[in-house]
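Using the sequences provided together with the hints, build the complete structure.
For the protein sequence lines, the chains are E and R, in the order given. To convert, count from 1 in the first sequence and add 93; that's my numbering. To convert, count from 1 in the second sequence and add 93; that's my numbering.
These aren't lab readings, by the way, just hints derived from the structure by calculation. Mixed in with the good hints, there may be bad ones.
A pair holds if it fits inside one copy or across any two, identical chains being indistinguishable in the list.
As the list claims (entries may be wrong) - The calculated lysine-lysine pairs, modelled on BS3-like cross-linking and capped at a C-alpha distance of 27 Å, are: (1) Lys-116 <-> Lys-403; (2) Lys-346 <-> Lys-239; (3) Lys-112 <-> Lys-150; (4) Lys-503 <-> Lys-460; (5) Lys-403 <-> Lys-460; (6) Lys-205 <-> Lys-465; (7) Lys-239 <-> Lys-205; (8) Lys-460 <-> Lys-150; (9) Lys-150 <-> Lys-455; (10) Lys-116 <-> Lys-145; (11) Lys-244 <-> Lys-455; (12) Lys-446 <-> Lys-116; (13) Lys-346 <-> Lys-174; (14) Lys-455 <-> Lys-465; (15) Lys-145 <-> Lys-170; (16) Lys-239 <-> Lys-208; (17) Lys-239 <-> Lys-371; (18) Lys-150 <-> Lys-465; (19) Lys-116 <-> Lys-208; (20) Lys-371 <-> Lys-208; (21) Lys-455 <-> Lys-283; (22) Lys-505 <-> Lys-275; (23) Lys-346 <-> Lys-503; (24) Lys-465 <-> Lys-341; (25) Lys-283 <-> Lys-503.
Protein chains: 2
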Amino acid sequence: MDIFSAQYARQLDEQDPIKQYRKRFELNDPELIYLDGNSLGALPTSTPERLKQVIDKEWGDRLIRSWNEGWYDRSQKIGAKIARLIGAHPDEVIVADSTSVNLFKLAYGALKLQKGKSKIISDQLNFPSDIYLLQGLIELFGQQHKLELAKSEDGISISTEAIDSLLDDDTALVTLSHVVFKSAYMYDMKTITEHVHHKGALMLWDLSHAVGAVPVDLNGCNVDMAIGCTYKYLNGGPGALAFLYVRKDLQEKLTSPIWGWFGENNPFEFGLDFSPAKGVRKFLAGTPPVLSLTAIEPAVDMLNEVGMDKIREKSLSLSNYLIALFYEVLQPLGYRLGTPTDAGYRGSHVSLKHQEAYRICKALIDKNIFGKSVIPDFREPDNIRLGITPLYTTYSEIFEATEQLQRIVKEKLYTQFSAARDEVT
Amino acid sequence: MDIFSAQYARQLDEQDPIKQYRKRFELNDPELIYLDGNSLGALPTSTPERLKQVIDKEWGDRLIRSWNEGWYDRSQKIGAKIARLIGAHPDEVIVADSTSVNLFKLAYGALKLQKGKSKIISDQLNFPSDIYLLQGLIELFGQQHKLELAKSEDGISISTEAIDSLLDDDTALVTLSHVVFKSAYMYDMKTITEHVHHKGALMLWDLSHAVGAVPVDLNGCNVDMAIGCTYKYLNGGPGALAFLYVRKDLQEKLTSPIWGWFGENNPFEFGLDFSPAKGVRKFLAGTPPVLSLTAIEPAVDMLNEVGMDKIREKSLSLSNYLIALFYEVLQPLGYRLGTPTDAGYRGSHVSLKHQEAYRICKALIDKNIFGKSVIPDFREPDNIRLGITPLYTTYSEIFEATEQLQRIVKEKLYTQFSAARDEVT
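Following this line, the structure appears as structure tokens:
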């Protein structure tokens, strides 16, 4: 059967062993193909009810009493559930603040612990916010500190050698995204972490594009620290709280620079001298936003129920299918693949490059053209990112999106749109 | 008529010019008297519907498109509404992170700007989390920096002289709570700010116990910086996001140490060199939690509709009534007043002290004794805090709570409870 056919895609959907999970998301618009779960995950069907309970019962009825009835420990309890997805112990992960603030806290702690060493290493494909944070820390620590970014030869991947060439005895910290936001390049976490440790540096992984999308084994890779967001593949809702991981034996040594009462040992004794909480709780700062915190739980439960191995299997099956279609019908039209062909180094989205990427995205989204709106996201200057969320993305959606990508260029349908960047995101 | 009577209280309720607002909160339990709005504000009746819209429509249906349809500017838009409550310009306030993280960002910025000066001044009645944060900053800036706490003579108030005596040319920053969390002592913001400026120091006010409870005039007092939480008198829900204020002309000079993408000038261009956003937006860091952010708006709208003058009038009428009842029936039983008698220096809660405060609180909360649960909060070692939220607290509730306080001690009803601290909060 021709792989570029609706029938073939439908057949793959029918054979999908986890196809039943699609129904557990509020994706009911027949005119929408949502391929942006790598930016904002869809709404799980059980989340509104859970939030109604938090709003009406926990806040409305029980009021302040809820702090003793579940709120106080919730950051740790949901953290422990996320821990199962990333190969960590339950007491090594906590939900707190934003990814940016968590990176600040842990990277600061790492630099303080590594006093005398002055270098931070990241890479030029890292998510800019992470790089901004590190630039801010360089400013904070002063002129003797410096940030070096490993370069990419192909704009898609960063070689282990590129990291190795920057590593030296003066390196305090290496912080990288496990899955790179534009290209979906996935680092070999074990190898990189080993090399970093070999030079006496600490390793901090940003799991934002990895958690819930690919299996992660923080303990198995002996990772020191990690951070990640929950609004992508964890489907925690817009701006949902982030999480952080600190390896058990490092928790006592590492200190957060933000000494807030939720990170204090006995916050409700209201003593005047800060004493950090024991364990991972010390990395909390202020009172956690309970609504945005609770919203994370339903999809995390679902991911644990399915298991990351099945998630990965479906993810790669979908991205392999998309890449096969790319070679078949898109490459001849000037599209380029911005994602590793080697599945072992690929996360769960596929980036297609085209010089008209911005206008192509506009055409994909406009449902007047084909009667269906396909939502990817555009990333400057020429990336069309197609997110694959194994719990709800279907083969038929991948097929239809590819068909639209083909026709938009073939029939020059993008020319009716302006290339002016008229939206904030 | 006897002021210590249910009839008198009912009469006051009937005459209350803003009594209709009580109905706009979900306070439907006839067996509950909630006097803890100074810790967690009650749920406004319009909030669940607003949140349902965010969850089902903005997240569920519109998905990532909502960033262009209202999410991106929401931190600023709600900030502008809060600005009206605290005498600030719309572009001087933004909703972001937690109170702790905001204090960290602004106090760090202030210390950096005041390079060469080494002293931070606060007071020993300040909320401990604020003091912890400042201790963390002292640790961060190094040994030449120091924190000095103004002392209280009476455990209730801090004299202007106590602040003055610590102020000198080496003072970089003074940070105080406008309304003190235990005693409800309210500083004379204008005088203190003037004295601080006279010595060349910067002034940062924590408005957590003031915003929505008392009129605040940041611009009129020429205040440099302010922070505050929204889950108390702004009724934004558990752990709702905090806000921060930076005076317009100071915004360009002050820098945040946490360089996150939402504080960047063009976050969606994904450039690799951080350039701070113009204006107050530069103090954002990561992606804001939209659910907990949106929950703030309904009550802020309500407060703006009523106006802070009427709020203050009702607040003082209620606290004066409570204090009158205290003198009448509680003082003779060993209760002491932990709150200023001078209304000009009083926020919107009343603290009663008693050596059996913890067990008295247990008895108040237990509804088996009088058929009604009165919820205050206990603050170590001997404070019973009775929160007065002008939008929903009634005179009858104040009367009934006082009656319970009287009987609990008179009839030694507290003795059936243990003094062991068995709950987290």
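With 27 Å as the alpha-carbon cut-off, assign the pair Lys-460 and Lys-150 to within, between, both or neither. between (40 Å within a copy, 19 Å between copies)
Identical-chain pair category, Lys-503 with Lys-460, by Cα at 27 Å: Answer is within: at 18 Å inside a copy they meet the 27 Å cutoff, but 74 Å across does not.
Using 27 Å as the alpha carbon limit, work out where Lys-403 and Lys-460 are close: within a copy, between copies, both or neither. So Lys-403 and Lys-460 fail the 27 Å test inside a copy (33 Å) and across (51 Å) alike.
For the identical chains here, do Lys-505 and Lys-275 meet the 27 Å Cα criterion within one copy, between copies, both, or neither? within (25 Å within a copy, 68 Å between copies)
Measure nothing new, just compare the shortest in-copy and cross-copy C-alpha distances for Lys-145 and Lys-170 to 27 Å and report within, between, both or neither. both (20 Å within a copy, 25 Å between copies)
For Lys-205 vs Lys-465, is the C-alpha pair at or below 27 Å within one copy, between two copies, both, or neither? Intra 53 Å, inter 53 Å, cutoff 27 Å: neither.
Can you tell me if Lys-150 and Lys-465 fall within 27 Å by alpha carbon in one copy, between copies, both or neither? Close across copies (19 Å), not inside one copy (39 Å); limit 27 Å.
Up to 27 Å CA-CA - Lys-205 versus Lys-239, copy category: both (14 Å within a copy, 20 Å between copies)
Go through the copies and call it for Lys-150 and Lys-455: within, between, both or neither, with a Cα cutoff of 27 Å. between (43 Å within a copy, 22 Å between copies)
Could you figure out if Lys-455 and Lys-283 sit no more than 27 Å apart (CA to CA) within one copy, between two copies, both or neither? So Lys-455 and Lys-283 fail the 27 Å test inside a copy (39 Å) and across (53 Å) alike.
For Lys-346 vs Lys-239, is the C-alpha pair at or below 27 Å within one copy, between two copies, both, or neither? both (23 Å within a copy, 24 Å between copies)
At most 27 Å between C-alpha atoms: does Lys-455 with Lys-465 qualify within a copy, between copies, both, or neither? For Lys-455 and Lys-465, the Cα distance is within 27 Å only inside one copy (13 Å; across copies 60 Å).
When held up to the earlier numbered hints, the structure conflicts with 5, 6, 11, 12, 19, 21, 23, 24 and 25 and fits the remainder.
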